[in-house]
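K.L.:
The listed protein sequences correspond, in order, to chains A and B.
If you're matching positions, the first sequence starts at 1 in the numbering used here and goes up one per residue.
If you're matching positions, the second sequence starts at 1 in the numbering used here and goes up one per residue.
Just to be clear, a hint being listed does not mean it is correct.
To be verified - The following residues of chain B were derived to be distant from chain A, with all beta-carbon distances above 12 angstroms:
| id | residue |
| --- | --- |
| 1 | R28 |
| 2 | G168 |
| 3 | E170 |
| 4 | K175 |
| 5 | D179 |
| 6 | V235 |
| 7 | L247 |
Stated by the list, open to error - Heads up, simulated EDC-like pairs for lysine to aspartate or glutamate below, C-alpha to C-alpha not over 20 angstroms straight-line:
| id | chain 1 | residue 1 | chain 2 | residue 2 |
| --- | --- | --- | --- | --- |
| 8 | B | K202 | A | E211 |
| 9 | A | K17 | A | D7 |
| 10 | B | K228 | A | D7 |
| 11 | B | K202 | A | E314 |
| 12 | A | K228 | A | E206 |
| 13 | A | K202 | B | D7 |
| 14 | A | K175 | A | D317 |
| 15 | A | K17 | B | D234 |
| 16 | A | K17 | B | D286 |
| 17 | B | K46 | B | E176 |
| 18 | B | K202 | A | E127 |
| 19 | A | K175 | A | E314 |
| 20 | A | K202 | B | E211 |
| 21 | A | K202 | B | E176 |
| 22 | A | K202 | B | D210 |
| 23 | A | K46 | A | E127 |
| 24 | A | K228 | A | E211 |
| 25 | B | K228 | B | E211 |
| 26 | A | K175 | A | E119 |
| 27 | B | K17 | A | D286 |
| 28 | B | K17 | A | D234 |
| 29 | B | K202 | A | D286 |
| 30 | A | K228 | B | D7 |
What the hints assert, rightly or not - Which residues of chain B face chain A? A partial, calculated answer using Cβ under 7 angstroms:
| id | residue |
| --- | --- |
| 31 | E58 |
| 32 | V227 |
| 33 | P231 |
| 34 | S233 |
Honestly, the hints are just simulated from the structure, not real lab data.
Ideal Cβ positions, reconstructed from N, Cα and C, are used throughout, including at glycine.
Chain residues, written in single-letter form:
2 protein chains.
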Amino acid sequence: MKELINDAEHVIFDSLKGVAAAHPDTQRVDLDNRIVYRAQPPRPGKVGLVSGGGSGHEPLHSGYVGAGMLDAACCGEVFTSPVPDQISAATNAVNTGAGVLHIVKNYTGDVMNFDMAAELSAAEGVEVATVLVNDDVAVQDSLYTAGRRGVGLTVFVEKIVGAAAEQGRELGALKELGDRIVANGRSFGIAITPCTTPAAGKPSFELAEDEMELGIGIHGEPGRERVKLGPASDVAHQLVEPVLADLDFTGAPVIAMLNGMGATPLIELYLLYGEVAPLLASNGVDVARHLVGNYITALDMGGASLTLLRADDELLDLWDAPVNTPGLRWGC
Amino acid sequence: MKELINDAEHVIFDSLKGVAAAHPDTQRVDLDNRIVYRAQPPRPGKVGLVSGGGSGHEPLHSGYVGAGMLDAACCGEVFTSPVPDQISAATNAVNTGAGVLHIVKNYTGDVMNFDMAAELSAAEGVEVATVLVNDDVAVQDSLYTAGRRGVGLTVFVEKIVGAAAEQGRELGALKELGDRIVANGRSFGIAITPCTTPAAGKPSFELAEDEMELGIGIHGEPGRERVKLGPASDVAHQLVEPVLADLDFTGAPVIAMLNGMGATPLIELYLLYGEVAPLLASNGVDVARHLVGNYITALDMGGASLTLLRADDELLDLWDAPVNTPGLRWGC
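Taking the hints into account, I'd like the entire structure generated from these sequences.
P.N.:
Written out as structure tokens, the structure reads:
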């Protein structure tokens, strides 16, 4: 498999050099620790927001560091959790005395390492709370997960809680808000082609020319089943139905994201959304905000995921609040 | 090759349905004519900006319709020019009496059809001027082009001239500005994997597992030569050197874009920019603005292109001006 890299050992370091070069005005990169910070330190009294995880899902998480979202992102190796010392360093650096919220996708390694980091920082007097994101309805337990995996809803948690943190809300309130988003959001993904990690150099799994995987994870880990790849109108049903079966999305404004897994052209993603949107409407789902694009990827995987959040006026206001990050930008 | 479509015949229509569903607040889609307009009609006295071309390069052009950029984009079939009647309809629709500027990538079909559309609209009393973008230094004449191809600089022309049009500048001044951008911008692209059009259903060309194509076009048309794919540090030289050899980029602030061709993961694109940026600096190029991401793609092609614009304070101010489109958004 072909890649634009120097060598597989240094992909994260080398990539973060590019992040630093591309965003000098808004981001600061601690290359040694693989941490991306905002260029400006947090305002005193603001709760710090730290996320992170395995790399390979860009723009998540480093692309969401900036005004209105994260204060820091800890970048692990590809598909591998960041380590406790790294996370604790980021946590301590963005603490202004108001505490720090960790936003963690539910994978065993991430949960363990963020927990250890929270303990390390607590020992240094930093108050830490955690929001655990586990929105993927596809499977209960998986290759790297006990319980449900954390996927697309993470973008929503980072955006909405990020806006609330800018307003000066305190740590406990931000954790509650994050938990409320997790309780009201669900995702489901499909893949039509696999991804290739730089270290492996070959596709992480195989799919026949006429197959797709339903319920794929963002590391290529298995989903529910393999089926024949049909037209996009069928794929829309296969994405929408498991999400709607898991939570009632009627009777409230909904924020919807159709996310590309990496290699799917935007023309196909829009085409799929052209099937998804009327299907949601016919099921009584009132989509108030739409996001179509690559927001949480799996390297060069071909496919898409759907994330829905049952919102309300408060969540919509926070969603609409200004955000200025490489991955998500509006209002400023 | 696998695609998320219904059938190859209706890809553009189906995809534009998704655009309409995703951007109801900012865009309006004329599905019959395959034209994307701003949701709000142009302010009286503002010059209309119309672009378009073959589809498959998204977000170009439909993703650049909105405040601060285009008033309308005409979507052709995949890699096929829009037709004169379609372009003329868009032109007439956005004319408020101040005339309309066509921004055209230099491909034979586009040039011919935009010319015919300009004549059709002129016959109805609409004043039309044209900026022809031909920034690709790779080849003189190509599969679909007499002269140089128009590629990444088109994004810059649409952004900068779009900002100037919002300021109320008149048609002649906007054409001059567009021509000045074209005179001062250059691009060069490479591919490591081919693209597949829905109609063909198979890759547009073949590249051996260890090969890359230097000077690739955005339709997969041939470049300068095929070489062994080396590390990203070599690829950076192969991107930067032909651009710098063609125009002096020293002694002025430069706007740089490292653009992904579609299937290249963001982590690799940043990694490549981490090699490109210091190489530009060591050649005396002062990059004042950086853009890294997918802005003009070639469906699912793997690869990247570099675009540089020799700017000045006026061009930087127009670049920084607010823009609110699905593909490019800041300041509003």
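K.L.:
Among the hints numbered above, which are violated by the structure, and what are their numbers in rising order?
P.N.:
Going through the list in order, the structure violates hints 6, 11, 13, 18, 21, 29, 32 and respects the others.
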